[in-house]
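Chemist: Take the sequence shown: its position 159, counting from 1, is numbered 159 in my numbering, and each next residue is one higher.
If you are wondering where the hints come from, they were derived from the structure by calculation, not from laboratory data.
Please note that a few of the clues may not be correct.
[To be verified] Per label pair, the in silico range of CB-to-CB distance:
| id | residue 1 | residue 2 | range |
| --- | --- | --- | --- |
| 1 | PRO201 | PRO67 | 32 to 42 angstroms |
| 2 | ILE105 | LEU196 | 42 to 52 angstroms |
| 3 | GLU9 | SER128 | 29 to 39 angstroms |
| 4 | GLN139 | LYS74 | 41 to 51 angstroms |
| 5 | GLN80 | MET29 | 19 to 29 angstroms |
Being a predicted model, the structure only gives us computed values, none of them experimental.
We put the beta carbon where it would ideally sit given N, CA and C, even for glycine.
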Amino acid sequence: MALEKETEEKIFRVAQTVFQKRGFEGARMQEIADEAEINKSMLHYYFRSKDKLFQEVFQAGVKKIMPQLFGILKEEVPLQQKVHNIVNFYHDMFRDNQYLPSFVIYEMNQHPDRFKEFIGMMNIQLPSIFSEQVSAEVQAGRIREISPEQFLMNIVSMCMMPMLAKTMVQTIFSLDEPAYFEFLEERRSLIPEIILKGVKPT
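Start from the sequences and build out the full structure, keeping to the hints where you can.
Modeler: So this is what it looks like as structure tokens:
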């Protein structure tokens, strides 16, 4: 049983890499089997179909992002610290999973109904504590009028755009791989400053 579990986990890790790089349409079960060093029949023994394996990979990918993000939004910390925590989460996640953001976004747009159903099953909603926190800052006059949704989107979009458009960023700015990640590290410290200054009352 231990060997079977180990084999299943190895297949899954390989499938994550292949699907995230190539998407559902571009991935081939034979490639996954070859990378996992098993035959195709064994692959189908553990995962009955390409669609089933893909769904498990996609759901695991979403779970790496959404629950962690919403967990940060629920934290009992000042809003300013929460901004830093969100930015750090996205940058750390991307360093460990470079293909994950573009993979999730692409497949989410390809199959929006399936994504909505999955998110519904996870019962993910914008935490009330975050909404109340932003509203309290607005009412106290510490930040200008802005909805919690817009505030969050400002942070997430500033983090994700250079990650989703990695090739474009590297090409336009002539960045090799190390220089690209130096660029992201610079943004890690810049984004909270830009976000927080941007919502200061005029």
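Chemist: Against the earlier hints, flag every one the structure doesn't satisfy and list their numbers going up.
Modeler: 2, 4 and 5
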